[in-house]
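Participant: Residue-level listing of the chains:
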Amino acid sequence: MLTKFAIACALGGLCTLQAQAQASSADAIAQYRAMLADGNPAELFEAKGEDLWKQKRGPKNASLERCDLGKGPGVVKGAFVELPRYFADTGRVQDLESRLLSCMETLQGLDAKKIAATPFGRDEQANLEGLVAWISAESRGLKFNLPQQHEQEKRMYEVGKRLFFFRGGPYDFACASCHGEDGKRIRLQDLPNLTKNPGDGVGFAAWPAYRVSSGELWGMQRRLNDCFRQQRFPYPGFASEVTVALATYMGVNSKGAVSVAPSLKR
Amino acid sequence: MADPMRIRAQAQNGNAVVRVLMSHEMETGQRKDAAGKTIPAWHITEVTAQLNGKTVLTAQWGPAISKNPFLQFTVKGAKAGDKITISWVDNRGDKRTDEATVA
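In order, the protein sequences belong to chains A and B. The opening position of the first sequence corresponds to residue 1 in the working numbering, with each subsequent residue numbered one higher. The opening position of the second sequence corresponds to residue 1001 in the working numbering, with each subsequent residue numbered one higher.
Hints in this document: simulated from the structure, not taken from any laboratory. Where is the CB? At the ideal position from N, CA and C, for every residue including glycine. Do not rely on the hints blindly, as some may be mistaken.
Claimed, not checked - Just a few of them, taken from the derived set where beta-carbon distance is under 10 Å, the chain A residues facing chain B:
no.: 1; residue: L36
no.: 2; residue: N40
no.: 3; residue: G199
no.: 4; residue: V202
no.: 5; residue: S214
As the list claims (entries may be wrong) - Computed list of chain A residues with no C-beta within reach of chain B, every gap over 10 Å:
no.: 6; residue: P41
no.: 7; residue: E43
no.: 8; residue: K48
no.: 9; residue: G180
The following block holds chain A by itself, in its conformation from the complex (with noise of 0.2 Å):
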């Protein structure tokens, strides 16, 4: 294989040319992100769930000061860097959308179930996109610290493991096909390798994050949605152990990667 590339290099000089495109299209990519990265508009949705973190809501009238991210009740701080994790008093690994959800049923008296089934960008979903960049952003700049202590939590990571390889669909897709090894590419954007470290604020580390085509800021599940449909699997509950498998995996694979959510997509 090496020696047939060799050979095609000195021959046309093309592997040069090609690995010059390459890496040209990649740098646009980076430069425009930093463009717009000044004027992310994922700001715009942080302010907004500060507001939305203080603010007394629900039947119950209750802010959500007191919602356990991980790290004791009301504490934001570097709670989204170690999430998922598992929660004693839900009895379940969350992520960060899953344990808000709890948090605003418990706290707030609303009702999870339906907001879980509300289509994204719409009415409390709306609201939650602005807590994930919020509680996110106070992390940012912090290195991705999964506990994998509990049982639960090791058993997350399996699953989510099984699910990253499992292969079906009308394309026999899986995670894995994309996103498997090094140095793949979608048109023309790198993929990171999520079965390893991809690197600071590459792959699991850059979301939540304001995508600009669309004007929508994505937290990781509306991601995973995403990552399904193009696989034309089946859409995934919201909040689903589904979910939360895939991120744990993907979450301990990140380890002591430098979180820059909310980041800025294309």
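Take the given structure of chain A and dock chain B to it, following the hints.
Facilitator: What follows is chain B alone, placed relative to chain A:
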């Protein structure tokens, strides 16, 4: 009532660089919803910037401006402590004014 803007104003070599992030749908009037009905245009039509109450910039905006627009400009002669006021009006008559101090 619209969501607040995020305004940052920084003094730089005798000028001030102002960066504004506005929260707005900026609907063009060209798109259709799931039922095939045209979504009516809804966008900012006018932006005004003031330095200590004196207008330093006005702009007429239309449907070509992106959702949640970002605006950056330099104000000559503005120094730390000066007050920058940004206002916008949209085609529904909704308006929003926010302030920031040059740092």
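Participant: Next item in the hint list is S214(A). Is there a CB on chain B closer than 10 Å to its CB?
Facilitator: holds (9 Å)
Participant: Against chain B, with CB atoms and a cut of 10 Å, does the hint on N40(A) hold up?
Facilitator: This hint holds: N40(A) lies near chain B, its Cβ roughly 8 Å from the closest one there, short of 10 Å.
Participant: Taking 10 Å as the cut and beta carbons as the points, is G180(A) off the interface with chain B?
Facilitator: holds (35 Å)
Participant: Is the Cβ of E43(A) farther than 10 Å from every Cβ of chain B?
Facilitator: Nearest chain B Cβ is 5 Å from E43(A), so the label is violated.
Participant: Just double-check P41(A) for me: nearest Cβ-Cβ distance to chain B has to come out over 10 Å.
Facilitator: P41(A) is in fact no farther than 10 Å from some Cβ atom of chain B, at 4 Å.
Participant: Verify the interface restraint on V202(A): the C-beta must sit less than 10 Å from at least one C-beta of chain B.
Facilitator: At about 24 Å, which exceeds the 10 Å cut-off, the nearest Cβ of chain B leaves the hint on V202(A) violated.
Participant: Say whether it holds or is violated: K48(A) keeps its Cβ farther than 10 Å from all Cβ of chain B.
Facilitator: violated (6 Å)
Participant: Against chain B, run the beta carbon of G199(A) and see if the smallest gap drops under 10 Å.
Facilitator: Check failed: Cβ of G199(A) comes no nearer than 27 Å to chain B, outside 10 Å.
Participant: Could you check if L36(A) really has its C-beta closer than 10 Å to a C-beta on chain B?
Facilitator: Since the shortest Cβ distance to chain B is 8 Å, the answer is holds.
Checked against the numbered hints above, the structure violates hints 3, 4, 6, 7 and 8; every other hint is satisfied.
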